[in-house]
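Enquirer: Sequences are here, hints too, so could you generate the full structure?
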Amino acid sequence: MAMRELVRRPGRALLTMIAVALATAMLTALVAIADTGRTRVLNQITHGGALAGISVVAAAPNPGQEGLDNPTAGPSRTLTAAALRAMSTIPDVTTVVPILQAGVIVIPPARLPAGSSFCQPARACTTEASPTSPSPPTYGTNVVGVNLGRAESLPITLLAGKYPAADSGTEVDVTTDYLSRLGLRQGSADEVIGSDVELGAFRVLARNFRIGLRWSTVEIVGVVNQQVGSGQFLAYPGLVASDSRWTAGGRANGDSDAPLSPYIGALVEADQLSHVGAVRSRIAAIGYSSSAPEDLIVSVEKYLHVIELILTAIGVVALAIAALGIANALLAAVRERRREIGVMKAIGARDRDVLRTFLVEAGVLGLVGGIAGTVIGIVIFIGIGDIANTYLTSQGLRGVPITLTWNIPVGAVVGAVVVSVLAGTVPARQASRLSAREAVGG
Amino acid sequence: MTGPAVVVTGLSHSYASREGVLHVFEDVNFVIESGSYVSLMGRSGSGKSTLLALLGGLEAPQSGRVTVDGTDVGSLRGNELADYRRKSVGFVFQHFGLLEAFTALENVELALTLSGVALGIRRRRATELLGDVGLVGRLSHRPYEMSGGERQRVAIARAIANEPSLILADEPTGNLDVEAAETVADLLASLRSERGCTVLVVTHNPTMAAHADIHLALDQGGLTEVEAPT
Amino acid sequence: MMRRVLIASIALVALAAAGCTSVNPTTAASSNSRGPSYVYVAIGESGASGLRGDPSDLRAQWTQLFYRSALGTDDVLFDFSSGGQTVADVISSVLPQALAVHPNLATVWLSTADIIAGTAPAVFARELKQLVVALQGAGATVLLANAAPPEVFPALESCGSDGPACDSGGAPTLSSPALASTISAYDNVIASVGHQTGADIVDVHSVLEQAVQGAGAERVLSPRGTALSEGGATIVAHAFADGLPRRFRKQN
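Chains as they are written, first to last, in this note's numbering: chain A, 76 to 517; chain B, 192 to 421; chain C, -5 to 246.
It cannot be assumed that every hint is accurate.
[Stated by the list, open to error] Far from chain C by the CB rule (all over 10 angstroms, computed), these chain A residues:
1) 141
2) 152
3) 161
4) 178
5) 316
6) 396
7) 399
8) 410
9) 500
10) 508
11) 513
[Unchecked claim] Which stretches of chain C does chain A cover? Using the computed rule of at least three CB atoms under 8 angstroms from a CB of chain A, they are:
12) 52 to 65
13) 68 to 76
[Stated by the list, open to error] Okay, the calculated bits of chain A under chain B, using three or more residues with CB under 8 angstroms as the criterion:
14) 79 to 90
15) 411 to 425
By construction, these hints were calculated from the structure, which means they are not laboratory data. Source: prediction; values computed, not measured. The C-beta atom is built at its ideal place from N, Cα and C for all residues, glycine as well.
Expert: Have a look at this one:
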């Protein structure tokens, strides 16, 4: 009966449903945006790493600075594979991601890319050899090695191309500093992707400082921003370890500067934010300094929660306004249908039968409007997300995953139905209390 | 059914108005035997519809007692009252009282739905009833697609859906033309003859009144038996 | 009808929710295998000198030119070449580290420092053979270069190294006839070692001599005359490439 009454006055029903749909759309979009924004802000704090991520450095802890988010590190200390293994056995640690680094000499391609600002005016740098076009000089930098299979939880943003293939010894990513070396802007990243570069690790061969160089050719497959280590090249650990081992061999030949370990640090993930402090204490006991923005995250999460509540409240207010529309529409319906309600009672309808009829009407308005509004809200959310990501990646920043947890749309629809039924309560009770005498005139 | 269907004793009713308290009727007493066909007449405002409402349990008597088939209607409350209206009384209104959103079949079904009858059974029963009142070709029509006479016949079918013993009709032919009025009058009379219902009709229509056994009139607050109108 | 609208709406929501998966930047990377990879060891002179100062000449060294043009991009080059190395120097300080990298291919161009140091050809022969046999014993195919022609020696006669501060440091000055005779003797010794060990001989002597006769020594040498120019390095790289067994050549 409720459905028939809605269909009998389609205009009124449609307008009411539109009001509910708009309110639900606003609620869905605001809550989804707030949830995603929270993810983005917290990712920024952790530089894209995990919320419960701890940065370990190759240095001893500084007494008196325990517990600080960013303590000053103590004296340098070689980070060994044994120490990393010990960290992986700490309770509440889910992952230990070692970070390697090796110094290399770089021989860039002999010819500058066509888009390079170093090219002579009116000369195509990549055509036949032009003696007046300078070749990019060789120089020194670092190659940073990390398990790029976990890039999503590391402070690494892929700007162009792709990450190297798993455990590849011949593929690397470069940073925007490399682009600058070749006189390229970030937008010209495609000009270096697919090009080959020679990387050379040196070793002192003898006490007279004769040098032996280990050269390998790598292919640039992507351009990144990274805060994992200090270097223009990013690769899987195997590639870096090879170079590091070669250089380390010079220590036996009198090179006191040769590295004792390829590891410059590690990213340790605790299973939850509340365990970060305890894990850091254990890392300090092993003998290394660490940092983690745990206090900052807790504070920011509280503020973000308030913002989420405010945005949700705005959406709820919109829904409440729509609910008033439902109540108003149903009150008008009760006035119009007084005789009809009286007749129903005269033929034997109970008060609860009348009540149920009007509550169902309100529920249907809320359900249809809620579903339509949720769909609209999702579309709005995706659209805004795409726009935001386009802007962020153009600025060299990490984009935001446009994910929608199931509880948001389900909650929006359920909320719309509940609020609508509540809004219909007053008119429904009013209708149920009408006297059957309304059926009879005179 | 034997014995009196309706027993009214010492019934008084009044309304508050701008002019003060309006006594509709005072100390009304009458008995309607089971299976009777009674017409009730009176001037406008004499309380005919009110008396019908009191008999049908649509309103509670302020004083006096109304007994229908042994049930003290005035003592019923809430769901008991709804049950009484559903099972013991069938109403036919001057304005037909059909739900505009429902088809003829669904209007008749509504009475059965309120009684908790299963879908298949109530659909079949409603179809039979509409067939009994000559509307087998109008099952899927809505009220606005039917004439006044057809609508009133649907209302009669609904009124007898739960097989009540008492039919209360308030000016059932008031909005009908002559021909339709005759059809409805015959139909209501058949309820008494074929189903054994007790019928009480408020009417100004002589044709309607001609079917009645007993003619009552309300006048200046009192109820008297009168001759059949000509 | 309302029921149909309801069902369609629910289906739409389910579809949208299922489709609302993450839109992440590309992370997938594919494997990039380009054939077998070889370890190439370069032993000799005129290599990576001046490294701790200015590495800007690295690209133009003959070992780099040879590595980039003739070998595959998956191959690794261990460049042990350094100006002023005698064979004895190599055996004592370089050979153990060269063998430790398990070379598949080795280029050996040693003679200049021994000539300037006055190493007797017989001693040179013995030491050179010891070096070649050791490399072959580790599994390496050896390309053995003979001595540079006298025309490229003048500055080297007075400079013991090709470093920026060219100071003879007491190195002997060789007269031209004696130099030519010594070079010839060394070439014979090198050819003999090649014959005895089966190592392929790369006739650097001839190609550089032709280049000097054709375009002049200034085309082959650096302005100071103490090292190969990029032109000279290219000539040497081509000479080694011509002698490279097919299986090591770059897959195009």
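Enquirer: Each of the hints needs a verdict: does it hold here or not?
Expert: Going through the hints against the structure:
| no. | hint | in the structure |
| --- | --- | --- |
| 1 | 141 | 36 angstroms, holds |
| 2 | 152 | 28 angstroms, holds |
| 3 | 161 | 30 angstroms, holds |
| 4 | 178 | 12 angstroms, holds |
| 5 | 316 | 14 angstroms, holds |
| 6 | 396 | 22 angstroms, holds |
| 7 | 399 | 23 angstroms, holds |
| 8 | 410 | 23 angstroms, holds |
| 9 | 500 | 22 angstroms, holds |
| 10 | 508 | 28 angstroms, holds |
| 11 | 513 | 28 angstroms, holds |
| 12 | 52 to 65 | holds (count 5) |
| 13 | 68 to 76 | holds (count 8) |
| 14 | 79 to 90 | holds (count 4) |
| 15 | 411 to 425 | holds (count 11) |
Violated hints are absent here; each numbered hint is respected by the structure.
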